[in-house]
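Number of protein chains: 2
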Amino acid sequence: MSTSERENLLHIFNEQLRHFSTDTILFHQAVAERLGLNSTDHKCLDIILRNQPITAGMLSDLTGLTTGTVTGVIDRLEKAGYVFREKDPEDRRKVIIRVYTKKAEDEIMSHLESFGQSMKAMLDQYDNEQIRFLFNFFERSRGIIQTETLKLKK
Amino acid sequence: MSTSERENLLHIFNEQLRHFSTDTILFHQAVAERLGLNSTDHKCLDIILRNQPITAGMLSDLTGLTTGTVTGVIDRLEKAGYVFREKDPEDRRKVIIRVYTKKAEDEIMSHLESFGQSMKAMLDQYDNEQIRFLFNFFERSRGIIQTETLKLKK
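Chains A and B supply the protein sequences, listed in that same order.
When the letters of the first sequence are read in order and numbered with the UniProt record's numbering, they come out as residues 1 to 154.
When the letters of the second sequence are read in order and numbered with the UniProt record's numbering, they come out as residues 1 to 154.
Just chain A, same shape as in the assembly (with noise of 0.2 Å):
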C-alpha cells in the first residue's frame, strides 16, 4: 500500500471518529433531554453516582470542568430532583454532593435499555479476541482524551 492510501484510510477513519463522536454526543443530549438536562449534566451526574459523597471541587478536578460550569450543573441536577447538597457531618465548612441514588438509576436506565439489547446484538458477533483487541483501543483512546482535556483546562 502507498503512502498516500495509508494517508487515505487515516482521514476517512479520523473522519469516522468525529462523527461518532458526534453521534455519542447527540445521543446522550436526547437522553439528558428525556430527563429535563443536557448531555453534560446527564454525565455529571453519573460521575457523581460513581463517587458520591463528593464536593463541587472534586467533581471540577474529576471532569475538567471550571468551578463556574460545575456550580451550575449541580444547581440543574439539584432543580431537576436528582441529587441534593448536605454539609458535611465531618467538616461542617465543607458542602458535599449526593444523589438521590434509586431515582437517578432508574430514569438513567429506562431510555438506555434498548440502547443496551442493541448493542449487546452487535457484540455477540464479536469473538473474545476482537472484544479484548477493541477494549485495548478504547483504553487507550481514553488516555489520550483524558490528557487533551487536562491540556485544554490550562
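Wrong hints could be hidden among the right ones.
[What the hints assert, rightly or not] Cβ pair distances, simulated, as ranges:
1. T71(A) <-> R140(B): 37 to 45 Å
2. G57(A) <-> R140(B): 37 to 45 Å
3. R140(B) <-> R140(A): 14 to 22 Å
4. K102(A) <-> D88(B): 18 to 26 Å
Keep in mind that the hints were calculated from the coordinates and are not lab data.
Note that the coordinates shown come from a computational prediction; the quantities given were computed from them, not determined experimentally.
Using N, Cα and C, we set each Cβ at its ideal position, and we do this for glycine too.
Based on these hints, arrange chain B on the given structure of chain A.
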C-alpha cells in the same frame, strides 16, 4: 471460555464504552468552554459547517434535537459570533443559518491540534487491517446510536 467469563468480558467492555463516552463528552465540553459554548452547541456548529446553508428544521432533523433546543443552540452560536441568520433569497419566508466559516474552523481546529497529533501517533501503531476493523466497528455502532437517538425523540 465459560459463559460467565464471556459475560464478565462483555461487562467490562460495556463499562469501558460508558467511560469512553463520558470522556468524549467532557473533552468536547472542555473544547466548547474555550469557545464560549456547551458541547451540544459545539457539535451543532460542526454539523452546520458541513451542511450549510441549513434551516433550524433541518438542523433539528439531523441532530434529533427538539426545535426548542435547536433555537437555543442557534441563539448561543449567533451571540458568540459563529453563525448568522438570514432570509432565504429563494423563499423570503424561510430563515437560513450560515457560519462565519473561517472563524469557526480556525478556532475549533486550534483546540483540536494537540489531540489530533496524539491520536495520529497512536494510530501509527495499528496496521491497515486493524484500522479497517475499527472503522467497521465504529460504523456499526453509529448505526445503532443514530437509530436509538431517533427512538428517544418519539
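Hint check results:
Taking 37 to 45 Å as the suggested C-beta distance range, the pair T71(A) and R140(B) conforms, at roughly 39 Å. Against the hinted window of 37 to 45 Å, the Cβ-Cβ separation of G57(A) and R140(B) comes to about 40 Å, which satisfies the hint. With their beta carbons about 20 Å apart, R140(B) and R140(A) fall inside the hinted range of 14 to 22 Å. Range check, K102(A) to D88(B): about 50 Å between beta-carbon atoms, so the 18 to 26 Å window is missed.
Against the hints set out earlier in the document, a violation occurs for number 4 only.
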